[in-house]
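These are the residues of each chain, in order.
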Amino acid sequence: MMSERIVSETPKLTPVLEMRHISKRFDATQALDDVALELYPGEIHALLGENGAGKSTLIKIMTGIHRPDQGEMLLSGQPLAIGSPVEAQAYGIAAIYQEPMVFPDLNVAENIFITHRDTGAVVRWGQLYREAEAILAKLDVKLDVRAQARGLTLAAQQTVEIAKAISLQVRVLIMDEPTASLSAHEAAQLFKLMRTLRDQGVAILFISHRMEEVFALADRITVFRDGKLVSSKPAREVTPEGAIRDMVGRKVEEFFAKRTAERGEVLLAARGLGKSGAFANVSFEVHRGEVLGFAGLIGARRTDVGLALFGIEPADAGEIVFGGQAVQIRSPEQALRLGIAYVTEDRRQLGLSLPMSISANISLPTLRNYLTRLGLIKHSAEVAIAEQYRKRLAIRAPSVAIEAGKLSGGNQQKVMLSKWLNTKPKLLILDEPTRGIDVGAKAEVHQIVNELAAQGMGIILISSDLPEVLAMSDRILVMREGRQMGIFSRAEANQETVMTAAMGQAAGAAAR
Amino acid sequence: MGRVWARLRSWEGLLLAILVVIVIINIAQSPFYLRLDNQINLLQLSIEKIIIALIMAGIIINGEIDLSVASIMGLAACVLAALYERGVPAPIGIGAGLLVGVLCGAFNGYWVAYVGLPSLAVTLAGLIGYRGLARVLLGDRSIGNFPPWLNALGQQPLVGPFPLALVLFFALVVLAVIVLQRSAFGRYIYVIGINRDVARYSAVKVQRVKMLLYIASGFVSALAGLLLAARLGAVRGNTAEGFELDIITMVLLGGVSIFGGTGTLVGVLLSILIILNLRNGMSLVNITGNTQTGVIGALLILSVLVPNWARAARGALQRRA
Amino acid sequence: MNSIRRLFRPEQIRELSLVLLIGGAVLFFGTQIDGYYSGRTFTRISTGAAILAVVAVGQTLVVLTRNIDLSVGSIVGFTAYFVGTQLAANNAMAPLAALALALGVGAIMGLLNGLLVAYGKIPAIIVTLGTLAIYRSLLVDYSGAKTVTTDSLPKWLVDLSSANVLKIGAIEIRVMVVAALLIVLAFQLALSYLRFGRRLYAIGSNPDAARTAGLPAQRTLLAAYILCGALSGLAGFMFLARFGTITVVAAQGMELQAVAAVVVGGVTTFGGSGTMLGALLGTILINTLEQSLIRWPEISEFWRDAIQGLLILMAVATDAVIVERLRRLWARGDAQARPAPAETARTS
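Residue numbers (our numbering), protein chains in the order written: chain A, 1 to 512; chain B, 1001 to 1321; chain C, 2001 to 2348.
Calculated from the structure, these hints are not laboratory results. Hints may be right or wrong, so weigh each one.
Within a straight-line C-alpha distance of at most 20 Å, the following computed DMTMM-like cross-link-like pairs (lysine to aspartate or glutamate) qualify [to be verified]:
hint: 1; chain 1: A; residue 1: Lys60; chain 2: C; residue 2: Asp2208
hint: 2; chain 1: B; residue 1: Lys1205; chain 2: A; residue 2: Glu313
hint: 3; chain 1: B; residue 1: Lys1205; chain 2: A; residue 2: Glu87
I would like the entire structure built from these sequences, with the hints used as guidance.
Take a look at the structure:
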């Protein structure tokens, strides 16, 4: 291992892929402004930057989806132009995204070889299976090559994509937030795979918002800000604080605002809550003015608890007492009437109607409040309330008539928050409220959450960002694979105790 | 929303321009063309389809489709005829026909909204099934001789120069525009059509909205079927067969996306006027009804192809510039 | 457990249940209709199914890609009439030339559909709704409201419909039936073993991924439509041979029957899933019911449409409810073997 590290850090003379003076403009935005990037064989190169820094645009240029306005690309020293993802693939450049692009109705082996051009018109199944097994063996993963991709976990689907890239003799592998939806165990497997590939001489461009991962894996770290190259250094010369400073362009002194809890009476009590196939025997209380964190790895089924409380996937066991009344929550409409709001983790698919205006999105759950006696929508009232939230949450948009889809991730998050705050909830369930939004917006969201709790709202904060849960929560409920591992007070909770419980090792703290 | 609106406006502008051209050509062909009675007659000949196009627009914007409308028309007319044949008074037959329409709509709606089956398949089953029931009721027979008041309602002017069907149509247009563009229900129709999961996660009663739309579609289809029976004065098992294609063409040509979420009633109304005037114009120059159907089919395809090309051409120009 | 799961995929359970349904229907009508178990019944059902099966094969190719072809009925009608008039005008035309003409005319119509869908990027339902009307109106204009009659056709064609490959007792196996079966078999093999076939599944399974993976999606889709058109042309030829008398409404509504057969056979309208065998079984079930209900004295023959509608609904409902549940069960069995089930597998 040691010797391999040394090899991989030895500077190579020719980069496998070199980007020089790349610029790209979309309408009014300069997405990339004279940036450069060098990828050497056998290195993991991390690319950091806030959302909108130009990372995605660069990837799209490398894979032939966009063409640069200026600049050149060199492959092993030879200039080249890439017109399409297919051409990129032919040059040995492949990309893997957080949502794997598999064919659910085809089996694993077919998925690996589907893009091969040289297979002939007739499918030789025996040979196909043998070759697929050989590639998976090379990657040291066990997967049934005859299984339909439909039934595979996301992690397994990603593995299939990596196998596909390997089968194409890939020289440059771009991985765009590949761990965003993986459990810690799955991510560890993926890292092992990435190191194997690096040692085989592949250049990997790795994009992640998780600093631990970046510093554990990367040989070189490049930071973009506002479409410009800020720094590009060997990983050992970079500190996390320095990288963040480069990303945001200022020193982030206070990541998480401190807060003082003023705990009120019990708002919601769940006893023995369960949903077959998802989670079982979950019991907790949320008080007014309290932030109850839900920690756990992906696959812990925390979201399912949130969905049960909001009536999307109602619980089928246990009882819920809300505001002193025993209730059964069977639908989102009912949850809404009770004063429960759920802010989803998936803004684009579940949270916002992207082609509709900010104001129409904000008024959607409460549209009934903006109707005339004849049932027609009072447009001015709708706009007025949206304007209030635009100011209050500092949503950066020229007007509330703008399409929600045109906003940045952080501003979309604020629109979602406005939409649910406008329902005047007693209990607010936040599911990964800061995932994929930049550092500045993240701090603003934290600020808002603290204010809401201070006003007496009960908040359930589901987050995979451990430092966030630890800093924001008054108490932390830890789950693992649908089971409750314990509830920790602020004093008991730290990285170690929470992770230990989430990983399923004997928890030190007693469940309350 | 700005760009969507701009696109819609331009689409509707294009439709309006086409309509104007067709009308001018038609006026050149026949001096009587623009006379009120000719225009009323024009509307009257397709009024049943036009009425259904209004509700079909809502269903397609909602991201679904209803292929069974023409079969429901036929079934409702056959229910009226079969009951009348057995001596049941026509008003009761009309009530029964409307009820059957509501039941058919509710049946479609149940499978689409609550079971979650694809509407294309469910309403295809409805198209075949309801038509089958209509045939079961009447077999090969044709039933007419309805009471004179019913025929008069179907054929004679009721308010001023307008017969009942047109009066109903005008009322329904006003209602549909208000519901679709201004009411909460209309907002829900669009939101669900854009993304039904977002609607569900926003506590919108997605299933109920879909169910109501299908019930409305069944009711309106039955109403149109009864109007058709009154206008024609006779009903057969195959009454209104194949109408669904014309109706869907009217809606899609009007700029309503087959994928749901976009489209306006203004566009649909313009496309209805284009189809009617085009057909009339073709009749003026002695093009047969059959060829007219082919032309409308071509128009449907062009209505999507031309904007696609225009977008591609614009993109190519921008890239060059 | 694993081996059982691999042995019976949900799709195969569906095919098995279709076989049982067909068997059940035959047994039931045997008790209801006098002389049901006869060579004539077999011939009726098999020749009726043969024509529809050929159309259903073409429709399956298209539906697998998450598209649809509603113009097949018009293509069948047009080719039947067109080839009929050519043969009537020129009785000496070689049989193979007539067959090639039918295939060619169908393929050209399919080509237009395919160009518009694949390269014009127009939703398939719009394109084929349009060409449904266009092809039919071409036929009506071309015909001038005349009819092709049996006595104007060459003898070999008229004889073709009653020609047998072999005869076992009272059971006659017609040439057209064998031809249809061979076509089903050939295309089933193509789906399983040709790269083209696998690409049809891939495109229907995930169109976005097909595009990014650089599959020749447009070309493949075009080929599917051309084949669908050509097969419909062939069905038109068979239609002509079987009925002899062809009017302008020939094969009207066959598009719905073909879609019904395919959907009942388990080829889902969401694309990517289904087999030719399933489509064949769907065709046979629909034809068995249709041919049997006509002769069932208990109820009006007009019930057959109503029952067909119900059948489609049942097929789709089973797909959504039962096959999905089985799939989930299958998938869950797989997931248990792994350490951590992914939360994101939950799709709502």
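Each hint tested on the structure:
1. The suggested pairing of A:Lys60 with C:Asp2208 holds, with an alpha-carbon distance near 16 Å, which does not exceed 20 Å.
2. For the hint pairing B:Lys1205 with A:Glu313, the CA-to-CA distance comes to about 15 Å; that is within 20 Å, so the pair holds.
3. With a C-alpha separation of about 47 Å, the suggested pair B:Lys1205 and A:Glu87 falls outside the 20 Å cut-off, and the hint is violated.
In summary, the one numbered hint that this structure violates is 3.
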